[in-house]
Amino acid sequence: SAVISQKPSRDICQRGTSLTIQCQVDSQVTMMFWYRQQPGQSLTLIATANQGSEATYESGFVIDKFPISRPNLTFSTLTVSNMSPEDSSIYLCSVVVGTGELFFGEGSRLTVL
Amino acid sequence: GEDVEQSLFLSVREGDSSVINCTYTDSSSTYLYWYKQEPGAGLQLLTYIFSNMDMKQDQRLTVLLNKKDKHLSLRIADTQTGDSAIYFCAESIGGGKLIFGQGTELSVKP
Chain A
1 SAVISQKPSR
11 DICQRGTSLT
21 IQCQVDSQVT
31 MMFWYRQQPG
41 QSLTLIATAN
51 QGSEATYESG
61 FVIDKFPISR
71 PNLTFSTLTV
81 SNMSPEDSSI
91 YLCSVVVGTG
101 ELFFGEGSRL
111 TVL
Chain B
1001 GEDVEQSLFL
1011 SVREGDSSVI
1021 NCTYTDSSST
1031 YLYWYKQEPG
1041 AGLQLLTYIF
1051 SNMDMKQDQR
1061 LTVLLNKKDK
1071 HLSLRIADTQ
1081 TGDSAIYFCA
1091 ESIGGGKLIF
1101 GQGTELSVKP
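Chains as they are written, first to last, in our numbering: chain A, 1 to 113; chain B, 1001 to 1110.
Just chain A, same shape as in the assembly (with noise of 0.2 Å):
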């Protein structure tokens, strides 16, 4: 299995402000990736965060928006930039592991006002 920790668990932002949301795991992953679950919704799939290079985003989704880091194999970020209302959602971090299993961090509840 693996363990995933996210910051913030939560958070209330202003319009037009960004937040960087970090996700760490405690064994190296090869995979990694960003989810999106608006409220009471499902969970949408973002990006791939890739290690070394860009992310490989999904349709409706860019890179201005939602910048991605993913500087090793434990570690990646996800920056939700100039936000509005309807960026209020829960974002989540999930790795891969060798079985084939995909785990999920606890998630990052943000609002914005």
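It should be emphasised that the hints constitute simulated quantities derived from the structure, not laboratory data. No experiment lies behind these values; they were computed from the predicted model shown. Just so it is clear, CB atoms sit at the ideal spot from N, CA and C, and this is done for glycine as well. Check the hints yourself; a few may be wrong.
[Said to hold, decoys possible] Below, in silico cross-link-like pairs of lysine to aspartate or glutamate (EDC-like), each with a Cα-Cα straight-line distance of 16 Å or less: (1) B:Lys1036 to A:Glu106; (2) B:Lys1109 to B:Asp1016; (3) B:Lys1109 to B:Glu1014; (4) B:Lys1070 to B:Glu1002; (5) A:Lys7 to A:Asp26; (6) B:Lys1056 to A:Glu101; (7) B:Lys1109 to B:Asp1078; (8) B:Lys1036 to A:Glu101.
[To be verified] One side of the interface only, derived from the structure: several residues of chain B facing chain A at Cβ under 7 Å: (9) Phe1009; (10) Leu1043; (11) Leu1045; (12) Gly1094; (13) Gly1096; (14) Lys1097; (15) Phe1100; (16) Gln1102; (17) Gly1103.
[Said to hold, decoys possible] What the simulated footprint calls covered on chain A by chain B, stretch by stretch (three residues with Cβ under 8 Å from a Cβ of chain B suffice, anywhere in the stretch; the number is not a length): (18) 77-83; (19) 95-101.
Chain B: place on chain A using the hints.
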């Protein structure tokens, strides 16, 4: 494109069995997953099944996979009030990426 469908609500009595159903569209999925989400919490991996399996049992949980019909189910035996949560079905679409269903809210009444 890929799609995963679940019914939105299920209500059972404590001690009964719960069966949560899911259909998916990508026949090349290698893994199918079940996650549990309690209020205010993240996603807990309950179980997963490899696409070449028909069934997987893990304590009170039984997963059945009908690959021909692209149908997946999760059976929870002896359902308890602590099982009340939202259950998400997800299919892998390659590269470690998942497509999630809408989630089934399970309500367990004493």
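Evaluated hints:
1. B:Lys1036 to A:Glu106: holds (12 Å)
2. B:Lys1109 to B:Asp1016: holds (10 Å)
3. B:Lys1109 to B:Glu1014: The hint holds at about 6 Å.
4. B:Lys1070 to B:Glu1002: holds (12 Å)
5. A:Lys7 to A:Asp26: Holds. A:Lys7 to A:Asp26 sits at ~14 Å (cutoff 16 Å).
6. B:Lys1056 to A:Glu101: holds (15 Å)
7. B:Lys1109 to B:Asp1078: holds (12 Å)
8. B:Lys1036 to A:Glu101: holds (14 Å)
9. Phe1009: violated (13 Å)
10. Leu1043: holds (4 Å)
11. Leu1045: For B:Leu1045, the interface hint holds, since the closest Cβ of chain A sits about 6 Å away, which is under 7 Å.
12. Gly1094: violated (11 Å)
13. Gly1096: The hint holds - B:Gly1096 has a Cβ within 7 Å of chain A, the shortest such distance being about 4 Å.
14. Lys1097: Holds, about 6 Å.
15. Phe1100: Since chain A brings a Cβ to about 4 Å from B:Phe1100, closer than 7 Å, the hint holds.
16. Gln1102: holds (5 Å)
17. Gly1103: With a closest approach of 6 Å, the B:Gly1103 hint holds.
18. 77-83: violated (count 0)
19. 95-101: holds (count 3)
Consistency with the previously given hints fails for numbers 9, 12 and 18, ordered from lowest to highest.
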